[in-house]
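Peer 1: Residue numbers (this note's numbering), protein chains in the order written: chain A, 1 to 224; chain B, 1 to 224.
Certain hints may be false.
Claimed, not checked - Covered stretches of chain A (in silico footprint by chain B; criterion: 3 or more residues with CB under 8 Å from a CB of chain B, positions within the stretch not fixed):
id	segment
1	41-51
2	69-83
To be verified - Straight-line C-alpha distance at most 30 Å; calculated DSS-like pairs for lysine-lysine:
id	chain 1	residue 1	chain 2	residue 2
3	A	Lys190	A	Lys26
4	B	Lys26	B	Lys190
5	A	Lys195	A	Lys103
6	B	Lys119	B	Lys103
7	B	Lys103	A	Lys116
8	A	Lys119	A	Lys26
9	B	Lys103	B	Lys116
10	A	Lys103	B	Lys116
11	B	Lys195	B	Lys103
12	B	Lys119	A	Lys103
13	B	Lys190	B	Lys116
14	A	Lys26	A	Lys103
15	B	Lys195	B	Lys116
16	B	Lys195	A	Lys103
17	B	Lys103	A	Lys119
To be verified - What the simulated footprint calls covered on chain B by chain A, stretch by stretch (three residues with Cβ under 8 Å from a Cβ of chain A suffice, anywhere in the stretch; the number is not a length):
id	segment
18	20-33
19	67-78
20	90-100
Note that these hints are calculated values from the structure, not bench results.
C-beta atoms are modelled at their ideal positions from N, C-alpha and C, and glycine is treated no differently.
The lines below spell out each chain.
Protein chains: 2
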Amino acid sequence: MSETRILFHFPLDPASRQVRLALGEKRLAFTEQPVRYWERPAELVNLNASGLTPVMRDGDLVLCESRAILDYLEETFPEPALLGRAPSERAEARRLLQWFDRKFDYEVGGYLLHEKMEKRLLGLGAPDLASLRQGREALRAHMIYIEGLVSQRDWLAGSRMSLADFAAAAHLSVIDYFGDVPWNDFPGVKTWYMKLKSRPAFRPILADRWPGLAPAAHYDDLDF
Amino acid sequence: MSETRILFHFPLDPASRQVRLALGEKRLAFTEQPVRYWERPAELVNLNASGLTPVMRDGDLVLCESRAILDYLEETFPEPALLGRAPSERAEARRLLQWFDRKFDYEVGGYLLHEKMEKRLLGLGAPDLASLRQGREALRAHMIYIEGLVSQRDWLAGSRMSLADFAAAAHLSVIDYFGDVPWNDFPGVKTWYMKLKSRPAFRPILADRWPGLAPAAHYDDLDF
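Make a model of the complete structure from these sequences and hints.
Peer 2: Structure below.
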């Protein structure tokens, strides 16, 4: 473990998971500091005014928000390259980063994770069934889109694994923790996710557990 | 005007405005193609599956979503540098990009622009007064935050103008089109905005008009 590189993160936060996957693929050691962001702890808010995870300290440098951390890692530790090298590859990976961090997060996570996770963490009561249904319908539309991508490509953004795969896997893996991903209806997406799930960088994510929130039975199963 | 560089944008879209400002500061010629994104026109949806602006064609390359375009411009046309050079400068500019594109957009634009602009464009009826109030309160909190930044720095991310300034100005300028920015309560923010407003790259934005949506009287006034 590095003494100087510290990641403040929440284990079930998709943005934090993207950074953990990138650090893992680049084989960069770091100390994990899980934070309960919803309680706005001083150690987090003093570093990032938005109060959001992830935040990384690297020596004297403080990096806030996932995209700033991912860009920093790519610029400072370019091997292995996780954005591609040709402008067209980089553009496609970045398009999909935005797709998952904004569109998927808003249309799927904003319903399913709010109902199943945030309400539990914040003590806001039982999930609303209409919101769960809306999130599951949106998830199905996204699965169709991803299935279309992986039917034509080895990885989401093209022939190489990229941050786009990590973004998609980070968001899907948290939904999967709560058992809501209809894997069996999307064999291409399932095969793609199995490839990611079996990477060493994915292991810490499969080991994540949070008190009071039990994962689905297949969550850490590589042969799900 | 360049024949090969085409920007598909909506004049009152903050994400599009960031790209127009960056193109202007880098003195890169481009052809403007305004699109009514809410009608999901084929020319836009065929290029970007999300159906969102901005999208830029540069020769054979198609770039979707503002951050992908801004990163491409920075990598391909590095002068003048709009992200800074030191890792700490770049990290701070990127933190603020996320702040405005996510937090400000969600807390302020999601109310004020939805009520005053999107409802008009979509024919959804009159603005909801409670939502307008919520947006204005959030805007005031953001103005306090920006006032704090510019009281300590020449520009939002530090001693040099950066994409963080363009992001903030892009979001604020659309709110300002509808007359909702309380400039006189925030003299530091007003001075900072006057500096940006007087730049040549800002002129096309001050000339923006959309049928049926009249701007506030001071919108294009450099001495407001």
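Peer 1: With reference to the structure, classify each hint as holding or not holding.
Peer 2: Hint-by-hint comparison with the structure:
| no. | hint | in the structure |
| --- | --- | --- |
| 1 | 41-51 | holds (count 3) |
| 2 | 69-83 | holds (count 4) |
| 3 | Lys190/A with Lys26/A | 24 Å, holds |
| 4 | Lys26/B with Lys190/B | 24 Å, holds |
| 5 | Lys195/A with Lys103/A | 24 Å, holds |
| 6 | Lys119/B with Lys103/B | 21 Å, holds |
| 7 | Lys103/B with Lys116/A | 23 Å, holds |
| 8 | Lys119/A with Lys26/A | 34 Å, violated |
| 9 | Lys103/B with Lys116/B | 19 Å, holds |
| 10 | Lys103/A with Lys116/B | 23 Å, holds |
| 11 | Lys195/B with Lys103/B | 24 Å, holds |
| 12 | Lys119/B with Lys103/A | 20 Å, holds |
| 13 | Lys190/B with Lys116/B | 23 Å, holds |
| 14 | Lys26/A with Lys103/A | 27 Å, holds |
| 15 | Lys195/B with Lys116/B | 27 Å, holds |
| 16 | Lys195/B with Lys103/A | 34 Å, violated |
| 17 | Lys103/B with Lys119/A | 20 Å, holds |
| 18 | 20-33 | violated (count 0) |
| 19 | 67-78 | holds (count 6) |
| 20 | 90-100 | holds (count 7) |
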